[in-house]
Amino acid sequence: MINIIDTFYPLIASILAMLASQFIKLILMLLSNKRFDFSTLTRSGGMPSSHSAMITAVSLSIGLKDGFDSSYFFLSVILSFIVIYDARGIRHTVGEHAKFLNKTILSDSPNRLNEYVGHNLPEIIVGISIGLIMSFGMYHLINF
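Using my numbering, the first residue of the sequence shown is number 26, and each one after it goes up by one.
Just so you know, the hints here were simulated from the structure itself, not pulled from any lab data. Just so it is clear, CB atoms sit at the ideal spot from N, CA and C, and this is done for glycine as well. Be aware that a few hints might be false.
[Claimed, not checked] What follows is a set of in silico ranges between Cβ atoms, one per label pair, in the way DEER data are often shown:
| hint | residue 1 | residue 2 | range |
| --- | --- | --- | --- |
| 1 | 135 | 30 | 27 to 37 Å |
| 2 | 121 | 48 | 25 to 35 Å |
| 3 | 169 | 137 | 48 to 58 Å |
| 4 | 107 | 29 | 41 to 51 Å |
Whole structure, please, built from the sequences with the hints as guidance.
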């Protein structure tokens, strides 16, 4: 069993990081809105960034498993930059545009655009932290 976990460690760590961040997002929504909404688990945006958590867990676990001098680690770091840049830059800007359109053009319309598709810096930092914690935690459990 440990051999299977060790073999698939980067995949398992990244999925657990994503699930943990989505679960935290659900709890935070429940505390702020006082309602339980399962759609939060599939929605983009919000605290914390599950994209950042997942890609950070992938990169760190590959580095820990295959070495920080491996081509796989270098590739995962580049992909991490792209994913996090997209979450902070592009999708955050899309959310800002949606807010503007909802306020101006769609103010009287029942059809509203999703304003929470990107992330701000604190959401990304918490997501990265979750990815680091999951990867290090699993690594230490496997190599205990």
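Going down the list of hints, with the structure as the test:
1. For the hinted restraint 27 to 37 Å between residue 135 and residue 30, the CB-CB distance of approximately 48 Å leaves it violated.
2. Taken as a hint, the range 25 to 35 Å holds for the pair residue 121 and residue 48, whose Cβ atoms sit roughly 27 Å apart.
3. Distance hint check: the CB atoms of residue 169 and residue 137 are about 50 Å apart, consistent with the given range 48 to 58 Å.
4. Look at residue 107 against residue 29: about 30 Å separates their beta carbons, and that is not inside 41 to 51 Å.
Going down the numbered hints, you'll see the structure goes against 1, 4, while the others check out.
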